[in-house]
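Q: Listed below, chain by chain, are the residues.
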Amino acid sequence: MSGVFSWRRWLVLVRKEFEQILGNRQVLYILLFPPIVQVTILGYALNPLIKHVAVAIVDESKSPASRDLIDAFTANGVFVPQAAGDDAASAYRAVGSGRVDAGLVIPADYAAAIARGAPGNVQLVFDGVNSYVANLGAGYASAIVQEYNARGAPPPPLSSEITFAYNPGLVTAWFFVPGLLGSILMITGLLASASASVREKDEGTLEQLLMTPASSLEVLLAKIVPLFSLFTIAMLASLALSRLIFGLPFRGDFALFVAISSIYIVAAISIGILISTFVSTQQQVVLISIFTALPLMMLSGAFAPIESMPPAWQTASLLNPLRHYISIARAIILKGAGLDVIWPDVLALAAFAVAAIWISASRYRSQLR
Amino acid sequence: MNLRRVWVQCLKELVEFRRDRLTVALAFVLPVGMLLIFGFAIRLQIKNIPVAVVDFDRSAFSRDFISRIDATQELVAVPEPLDRAPLAILDAGDVRAAIVIPPGTQRAIAQGRAAPIQSIVDGTDVVNALTIKQILAATSAFAGAAYAPPPSIPGAPALDPPSVALHERIWFNPGGNEALFFVPGVYGVILAMFPTLLAAIAMVRDKERGTIVQAYASRLRASELIAGKCLALECVGLAEALAIMLIGWAVWGVHFAGDPVPLLIATPLVVCCQVLLGLLIGARTNTVTSAIQAAGSVNSLVSFLLSGFLYPVSTMPLLFQWISFLVPARHYINISRDAFVRGAGWPGVWTEVASLALIASILAFGAWLPMRRMQLAAGA
Chain A
1 MSGVFSWRRW LVLVRKEFEQ ILGNRQVLYI LLFPPIVQVT ILGYALNPLI
51 KHVAVAIVDE SKSPASRDLI DAFTANGVFV PQAAGDDAAS AYRAVGSGRV
101 DAGLVIPADY AAAIARGAPG NVQLVFDGVN SYVANLGAGY ASAIVQEYNA
151 RGAPPPPLSS EITFAYNPGL VTAWFFVPGL LGSILMITGL LASASASVRE
201 KDEGTLEQLL MTPASSLEVL LAKIVPLFSL FTIAMLASLA LSRLIFGLPF
251 RGDFALFVAI SSIYIVAAIS IGILISTFVS TQQQVVLISI FTALPLMMLS
301 GAFAPIESMP PAWQTASLLN PLRHYISIAR AIILKGAGLD VIWPDVLALA
351 AFAVAAIWIS ASRYRSQLR
Chain B
1 MNLRRVWVQC LKELVEFRRD RLTVALAFVL PVGMLLIFGF AIRLQIKNIP
51 VAVVDFDRSA FSRDFISRID ATQELVAVPE PLDRAPLAIL DAGDVRAAIV
101 IPPGTQRAIA QGRAAPIQSI VDGTDVVNAL TIKQILAATS AFAGAAYAPP
151 PSIPGAPALD PPSVALHERI WFNPGGNEAL FFVPGVYGVI LAMFPTLLAA
201 IAMVRDKERG TIVQAYASRL RASELIAGKC LALECVGLAE ALAIMLIGWA
251 VWGVHFAGDP VPLLIATPLV VCCQVLLGLL IGARTNTVTS AIQAAGSVNS
301 LVSFLLSGFL YPVSTMPLLF QWISFLVPAR HYINISRDAF VRGAGWPGVW
351 TEVASLALIA SILAFGAWLP MRRMQLAAGA
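Line order of the protein sequences matches chains A and B.
Per our numbering, the very first residue in the first sequence carries number 1; after that it's consecutive.
Per our numbering, the very first residue in the second sequence carries number 1; after that it's consecutive.
Hints are computed from structural coordinates only; laboratory data are not their basis.
One thing to keep in mind: the hints can contain errors.
As the list claims (entries may be wrong) - Below, in silico cross-link-like pairs of lysine-lysine (DSS-like), each with a Cα-Cα straight-line distance of 25 Å or less:
#1 B:Lys-47 with A:Lys-51
#2 B:Lys-133 with A:Lys-51
#3 A:Lys-201 with A:Lys-16
#4 B:Lys-133 with B:Lys-47
Claimed, not checked - Only some residues are given here: those of chain B computed to face chain A with a beta carbon under 10 Å:
#5 Asn-48
#6 Ser-119
#7 Pro-347
What the hints assert, rightly or not - Stretch-level coverage of chain A by chain B, calculated; a stretch enters the list once three of its residues show a Cβ under 8 Å from a Cβ in chain B:
#8 25-36
#9 89-103
#10 109-123
#11 132-146
#12 184-190
Treat the numbers as computed from the prediction; the structure is a model and nothing was measured.
A virtual CB, placed ideally from N, CA and C, is assigned to each residue, including glycine.
Isolated chain B (complex conformation):
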C-alpha cells in the first residue's frame, strides 16, 4: 500500500465533502438534534399511567386506597362513574386499568372477611401490565393491613413468619437519572448511524455517477481506495463524536467517571467499523436507493434495537445474543456507559474493545473483497 496515494484519496474525499455546505451542516446538526431529543424525551421508567377507579365503597378505606395509588407516581387514579362496566372503560382506551372497589369492602376487612379488589389490566403493554399488577398487590397488602382487625382477635396469624428486611441500593446512578442511562447509549447509536450512511453514499455515488471508472483506470489499488475513503470519513466521524460528547457534558454534565483511555481507543475503532460497514454496503449495492435502505433502515434499526440501547441484550433469545455480538454499537455502548457512569476502566471492558478491533478487521476484509479487482462488475 502506498501511503501517499491513500493520503491523496483521503484529501479528495474531504474536499468533496466540504464542497457540499448543507451536508456538512447536516452531518453535525442532526446528531446533536438527535442527542437532545433522546436525552430529554425518551423515558423507559413507567410514570403517570392513568388507571380508572370505580369506587362503590366510598369509605375512608377506599379514599385511602386511592390516595396510596396516586402516591406511587407510577400510577394516576382517575375517578370513574359507577355505571360503566370495567371492560367498557378499558375499551375506550384512555386508561390502562380499571379497578373496582366493591361496596362493603371496608366493613369486610374490619371483620376479617375476604374482600377481593378486582381489576382488569390492559395487557397490551406487557411491562406496564406487570408493573400495575405489582403496585396493586403491594398497595392492597399495605392498605388492607391498616384496616384489618387487631391481632388479638381470634383468627389472626398465630406464629410470626421469618421476616426479611431487604435494603436495596442502586449504585452509580442512585437517583435513577435516566439521562445518565440514555446519553452514553445514544453516543453509540449516533456513531453507528451517521458515519455508515455517509460512507455508503460516498461509495455508491461514485459508482452511480460512473466516476469510479476513473479510479479503476488509475494506479490506485483497492486497499488504497478503501483506506483513503475510510480515513476521510473517520475524521468526520470523530468530529461528530467530539461534538456530541461536548454537548452531553454541557447539557447533562455527563463526564468521565474513571479511566478515559478505553473510550478514547474505542471511539476511533467504532467509527472505523461503521465507516467500513458503509463502504461494504456501498461496494455491494449498485444504486443509492438500495444502499440507503441497507445502511439507513437496516443498520439503524439493528444498532438501535439489538445493541442493548433500550432493553438489555440478555433478554433476547440466545441466537440474537450471538448475532448482536457482531453489532459494533453493542460493544461501544457498554464501553461508553462504563466510561461515563461506572468508571471501572480496563478490567470491565477490555473484551469489548478487543471485539471492536476484531469486527473492524472482518469488515475491512469484507469491503476489500468486492473491490479487489478494481473493475466494473460483469453486466453492470
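Here chain A stands alone, though its shape is the one from the complex:
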C-alpha cells in the first residue's frame, strides 16, 4: 500500500467510477427512480390504523335498544356490517370460516335486560388469525361501548385532555416517510454497492485495479462517490415529493439533516462494500445483502416501535445504523430537534461509516485468494 493519499489519483478513479455508472442507462434509472417512487407510494399506501373491519352482526333482540347500539357501533365506519343470518351460530360460523373479521351477537333478552336496569350482555368475537386487527379492534370496540354507556350522564369530574405534539393531525405518512426513506436508502445502497463491487471481482477487473499504484482507501472512496451522489439526489427528491404530497413539514435545520444523511448514505454504501469483500459471486452477495437489509429495516422502529421488542433485541438494535438514522430523521424533520438532542445517534452513525470503510480497506487487498 502506498501510504500517502493522492488526490489526483483519486479524482481519476472517481471519474472512472462515474463513467461506469453513467454508461449504463438502465442501471442509472433503476438506482434513481425506485427509491424516490417507493418512499411516496408506500408512504401513501401504508396505513397502520385499521378500518373496514368486516363484522357479521346478528340482532336476536330486534328492538329499538339493540338497533341503537348497532348504530353507535358502526357510526365511525371502522366496523362495517356484513350480511349475516338470524341466529348467533351463523355469526360464529362466519368468523370461523374467515369470511368476516368479527361477529357481534346481541341476544334476544337484551332489550328486556336494559329495561330492567340490568346490563345488557353483548358478545363480540374476533378472528384472532390477524392478531393485529383483533387487538386494535377489541380496543376500539371497548372505547365505543364505554362512550355509549357514558351517554346522557353528566361529564365525569376527572377528564383527560390530550394534545398531540409534532403531528397534530395524526397523518400516518408523516410517521412513515422518515422510516421509509432510511429503509429504502439502506436496502438500495447496500445492494447496489455490494453487487457493483462483486462484479469487479467476477470480471477480473479488480486485479487490474489492485495492480495500479492506488491505495485501497483511494479505490474504496472513489467507489463510494458516484453512488453517494445518486442516493443524495434520491433522498432530496423523496423529501421534496413528500412535502408536496403529504404536506410533510420540515421543522429542523436542513443543512444539518443533509450532513447527517450523507454520513448515513456513506455508511449504507460501505456496509455493501464490506459484504462484497467476504463473498465471491453475485448470488452470494445478493442473498447476504437482502438478509442483512430486511432485518435491519424491521428492527429499526420504522414500522414497529422499538419499545415493543423483547429487551435483548432492543439492546441489539443499538447496532443498527438505520435505527439511529430514523430516530434522527424524525427528530429533525418533525420535532425540529438540534444536535444537542441527537448527538448520540449521530456519533453512532459516524462510527458505523468509519468502521465499515476501515475494515473494508484493510480487507480489500486480501480478498483475492
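Given chain A, work out where chain B should sit, using these hints.
A: Below, chain B without anything else, positioned relative to chain A:
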C-alpha cells in the same frame, strides 16, 4: 415442448447451483435466520411505552393513577421532576407522552368539581398516540370514579343510562401470541424473496456472461428453457419451504390447524409464481445490478409491505388494494394463516389458490414473451 429437453435443462441448472457450495448454504441458512429473527423479535403489539408523569398533586389519588398506568403493561410511567415544561420533556425524546396531574386534583374530584388531567402525546407514531389516548381516557374514567363523591350528593347522575356489558373474545389465538401471527406470514415473505432472487440471477448471469448464446444456438425453445429453469428453482424453493416450516413447527409449535391440502397446493404455486417473476425480471434486464435492484429491493418491499404481512390490506387506499391482488405473497399469506391458525380449509381460501394459479399463468406468459425468439436483442 420436448419434456426431455426441459428435464436436461433443469438438471443443468441444478448442477450449476450445487457447484457453488456457499450459495447452497446461504439459500437455506438465510431463510431460516430470517424466520428466527421475525418470529422472535418483531412485535406490533404496543408494550412498555415510556410516558412521563409530572405529579403536582402528590396525593393518594395521583399515586393510584400512576400505578393504574403501570398496570396496563402498554405504558410505563416515568416520574418526572416538576420543573420541566411538558413540551421540553417530549423534545428530549425519551418518552412518548407527558402527563401533568395538577395540584389539588384529588380535592377537586372529591368535591365534584371539574379536574382535567392534561397530557401532551407525541403524535409521530400514530398508532402509539391513539393507544396512549385510549388508555389515558379509560384510566381517568376509572380512577376518577373511585375518588368521586358518592351518588347521594346532589349533582350526581339522576337517571341510569342504558349500560352495555361487552364480552369480547378472540378466537384461534386467544393469548394474542404474536408468533402465531408473524410465523405463518413470514413463510410467505421468505418464499416471495429468495426464489425470485435466485431465478433473476440465474437468468441474467447467463446473459451477462454470454453463455445464453449457446442456448440460443441450440435446438432449445424458449418455453423449454423457461420450463427447465423454473423446474430446477422450484425444487430449491420447495426445499426452502420445507426447511422453514419444519423449523416453525419445532420452535413455535406452528402446526396444521385443519385441512393441509390448500397449503400443499399453494406452496408449489407460489414458488412457481416467484420463480417466474424472477425469470421475467432476468429476461427484461441486461445487467446483474439492475436485476438485483428489481428482484431484490422492489420485489421484497412489495411482498413485505403490500401483502398484508404487517398491516391488513383493507387499510390501504383502494387502488393499492387492487394492485396487491397481483402480489402472490398476499394470497399465500392468507392461505398459510388459514392452514396454520384458523383451519377453515377450502371454503375460506379457494379464491386465493385460484388467484395464485392465475398469476402464475400471467407470469409464465410474461417470461416467455421477451425470450420467444431466442435471439440477442438488437443492440445488445
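Q: Each hint: holds or not?
A: Here's how the hints hold up against the structure:
Proposed proximity of Lys-47 of chain B and Lys-51 of chain A is supported: the alpha carbons are some 22 Å apart, at most 25 Å. At most 25 Å may separate the alpha-carbon atoms for a hinted pair to count; Lys-133 of chain B and Lys-51 of chain A meet this at roughly 18 Å. With a CA separation close to 16 Å, the supplied pair Lys-201 of chain A and Lys-16 of chain A stays within the 25 Å bound. Between Lys-133 of chain B and Lys-47 of chain B, the direct Cα distance comes to roughly 14 Å. Compliance with the 25 Å bound is thereby established for this hinted pair.
With a least beta-carbon distance of about 5 Å to chain A, the hint placing Asn-48 of chain B at the interface is held under the 10 Å criterion. Here the hint on Ser-119 of chain B is kept, as its CB sits about 5 Å from the closest CB of chain A, short of 10 Å. Given the 10 Å rule on beta carbons, the hint for Pro-347 of chain B holds: about 6 Å separates it from the nearest Cβ of chain A. Chain B is given as covering the stretch 25-36 of chain A, and this holds because 5 residues of the stretch bring a CB closer than 8 Å to a CB of that chain, at least three being needed.
Residues of the stretch 89-103 of chain A lying with their CB closer than 8 Å to a CB of chain B number 5, which satisfies the three-residue condition for coverage. Counting residues of the stretch 109-123 of chain A whose CB lies closer than 8 Å to any CB of chain B gives 7, which reaches the minimum of 3, so the coverage claim holds. Remark: the stretch 132-146 of chain A is confirmed as covered by chain B, as 12 of its residues place a Cβ nearer than 8 Å to a Cβ of that chain, reaching the required three. Counting residues of the stretch 184-190 of chain A whose C-beta sits closer than 8 Å to any C-beta of chain B gives 3, which meets the bar of three, so the coverage hint holds.
Violated hints: none; the structure is consistent with every hint.
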